[in-house]
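*Asks:* Chain by chain, the residues:
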Amino acid sequence: MRNWTHYEARFGAVGGQGVVLAGAILADAAVFYENLKAVTSPQYTAQVRGGATKVDVIIDTQEILFPQTYIIDFFLAMSQRAFDRYVSDTSPDGTILIEPSLVTDYSKAPAKVYAMPIILLTKREVGKMVMTSVVALGAMVAMSKVVSEEAIRKAVLKNAPKGTEQLNLKALALGLEWGNELIKKGPIYRPSKGE
Amino acid sequence: MPQPIKFYQGNEIIAHAAVTAGCKFFAGYPITPSSEIAAEMAHLLPLYGGSFIQMEDEIAAMGAVIGASLAGAKSMTATSGPGFSLKQEHIGFACIAEVPVVVVNVMRGGPSTGLPTQLSQADIMQARWGTHGDHPIIALTPAFPEELFMETVRAFNLSEQFRTPVIILIDEVIAHLSSGIAFPTREELTIIERTKPSVPPDQYFPYDTSFGLVPPMANYFEGYNFHVTGLSHDRTGFPTTNPDLVHNDQVRQHEKIYKNIHQIEKWEEFYLDDAEIGIFAYGTSGRSAMDAIVRARKEGIKVGLFRPLTIWPFPDDPIREKLSKMKCIIVPEINLGQAILEVQRVLGPDIPIKGIHRVAGVPIHPREILALLKEINNEL
Numbered sequence: 001m002r003n004w005t006h007y008e009a010r011f012g013a014v015g016g017q018g019v020v021l022a023g024a025i026l027a028d029a030a031v032f033y034e035n036l037k038a039v040t041s042p043q044y045t046a047q048v049r050g051g052a053t054k055v056d057v058i059i060d061t062q063e064i065l066f067p068q069t070y071i072i073d074f075f076l077a078m079s080q081r082a083f084d085r086y087v088s089d090t091s092p093d094g095t096i097l098i099e100p101s102l103v104t105d106y107s108k109a110p111a112k113v114y115a116m117p118i119i120l121l122t123k124r125e126v127g128k129m130v131m132t133s134v135v136a137l138g139a140m141v142a143m144s145k146v147v148s149e150e151a152i153r154k155a156v157l158k159n160a161p162k163g164t165e166q167l168n169l170k171a172l173a174l175g176l177e178w179g180n181e182l183i184k185k186g187p188i189y190r191p192s193k194g195e
Numbered sequence: 196m197p198q199p200i201k202f203y204q205g206n207e208i209i210a211h212a213a214v215t216a217g218c219k220f221f222a223g224y225p226i227t228p229s230s231e232i233a234a235e236m237a238h239l240l241p242l243y244g245g246s247f248i249q250m251e252d253e254i255a256a257m258g259a260v261i262g263a264s265l266a267g268a269k270s271m272t273a274t275s276g277p278g279f280s281l282k283q284e285h286i287g288f289a290c291i292a293e294v295p296v297v298v299v300n301v302m303r304g305g306p307s308t309g310l311p312t313q314l315s316q317a318d319i320m321q322a323r324w325g326t327h328g329d330h331p332i333i334a335l336t337p338a339f340p341e342e343l344f345m346e347t348v349r350a351f352n353l354s355e356q357f358r359t360p361v362i363i364l365i366d367e368v369i370a371h372l373s374s375g376i377a378f379p380t381r382e383e384l385t386i387i388e389r390t391k392p393s394v395p396p397d398q399y400f401p402y403d404t405s406f407g408l409v410p411p412m413a414n415y416f417e418g419y420n421f422h423v424t425g426l427s428h429d430r431t432g433f434p435t436t437n438p439d440l441v442h443n444d445q446v447r448q449h450e451k452i453y454k455n456i457h458q459i460e461k462w463e464e465f466y467l468d469d470a471e472i473g474i475f476a477y478g479t480s481g482r483s484a485m486d487a488i489v490r491a492r493k494e495g496i497k498v499g500l501f502r503p504l505t506i507w508p509f510p511d512d513p514i515r516e517k518l519s520k521m522k523c524i525i526v527p528e529i530n531l532g533q534a535i536l537e538v539q540r541v542l543g544p545d546i547p548i549k550g551i552h553r554v555a556g557v558p559i560h561p562r563e564i565l566a567l568l569k570e571i572n573n574e575l
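From first to last, the protein sequence lines stand for chains W and H.
The opening residue of the first sequence carries number 1 in the numbering used here; numbering runs sequentially from there.
The opening residue of the second sequence carries number 196 in the numbering used here; numbering runs sequentially from there.
Source of the hints: derived by calculation from the structure; they are not laboratory data.
What you are looking at is a predicted structure, and each value in this text was computed from that prediction instead of being measured.
Using N, Cα and C, we set each Cβ at its ideal position, and we do this for glycine too.
There's no promise every hint is true.
As the list claims (entries may be wrong) - Here are some, though not all, of the chain H residues that point toward chain W, as calculated from beta-carbon distances under 8 Å:
#1 Phe202
#2 Leu372
#3 Ser374
#4 Pro561
Could you put together the complete structure from these sequences and hints?
*Replies:* Printed below as a string of structure tokens:
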């Protein structure tokens, strides 16, 4: 059973890392395989690559009126710049997942921080760097349970370009496995409770 | 049968609606945050037997859609702030020459190149008065996926029915928002085509008002040869400076819109029936207002929303009818005060009207509207 009626996820990165697509796949899973309502709202800068980029995925059991965020339940940060710029809206009860080779200062995190070497793992286990965002998406779903593993698997398959299905599924499985492990291992950082 | 639900971005929805409405020609010059409309039209138009051209700039693109429309093709272009500025000259031409075209303006932060990737609602007055001279204009402000589809179809219908440019005025958030939508099929829609002449070519005049306020429009290359100009003209389409003819034609062009305003006006109401506080908002700010209203109602605040889908011509009568009994009005908009001026004009000085104006490239958050609602409610 779901313990929420409204869920907000934010994937922050630099342009080119593929998080806008990851957001679209998550929303796809929510709408088509979980019968929820979802919208994705991207933000990027004028640079094609290298600018701070984010996508907000709003998932609700009812029609979504305001299509942007109130307070983020899950924040994925794939770059320091995106972390610095977009982390502050995260709920104290929320979850933050970082790529530790690119996000090194998380001392301002308002919620517990988990670290996963997404880029290294993708390079080593999947071989194709374009799969980074799918690996991250898998971890996010495993940790948040916002959609089922079955739903995200179907959505990833649906969005995979022809010929890349197996690679996408491999990347997703890797993310899911690591996400489940991370929950067991616990966060690397917890914000101190108010003064 | 509606088509299955799929995930589409706002810009893509407009493109799909356009081809469903019968759009056969798109000319454009890519500009964020409207580029996906051009990209999707380039993909779709060949499938629908139409043509797509990327022109050398926005001015040329506007010229191309006017030409295509004169040749009989329902035509559209799409742009954002800087490109909308460039198109104004030709929009004026389309007004005076009475050429049906649809122009999408995805509003981003300005002036000039401003905030290319972030939203604003600061082109409301430009849509009305951007091109010089007295001219009526129709501008639509859809905010939800289904509305983007239906209002795009309506934009084509209105442009054909009234021989006029129609502006679709959305903001970057609405344009880039993706959500699930099932498109209606053409058979489920009302599609209006321009009125063609009922007389033979030798008796045809392109601005013949004996058939009503909107002269029948022949397509080029169908045997009707006629002159089109940006100069004031008589019924033949050739220039005139005859004071009576010039005046009467300008008045007629104004009246073809304003005497038919009730066919053009459209708005949505949200919790307005028992409301004591009214909100006037459109686009993303309209959606922020709806969210704030749902929360405010849970706290017993009687507030409702008037959300225009036609912002030009301004819905004077409906606003007077729906909002004149309110104790206070709020107008949130992502500009420093544009539509609020019109609301003030319509409702007069007796009702307090408060604006929320922020031009930071981000939406006005429902929290801000809710905070003002609580403040006002405490004073009621």
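*Asks:* Evaluate each hint against the coordinates.
*Replies:* Evaluation of the provided hints:
no. : hint   : verdict
1   : Phe202 : holds (6 Å)
2   : Leu372 : holds (5 Å)
3   : Ser374 : holds (4 Å)
4   : Pro561 : holds (5 Å)
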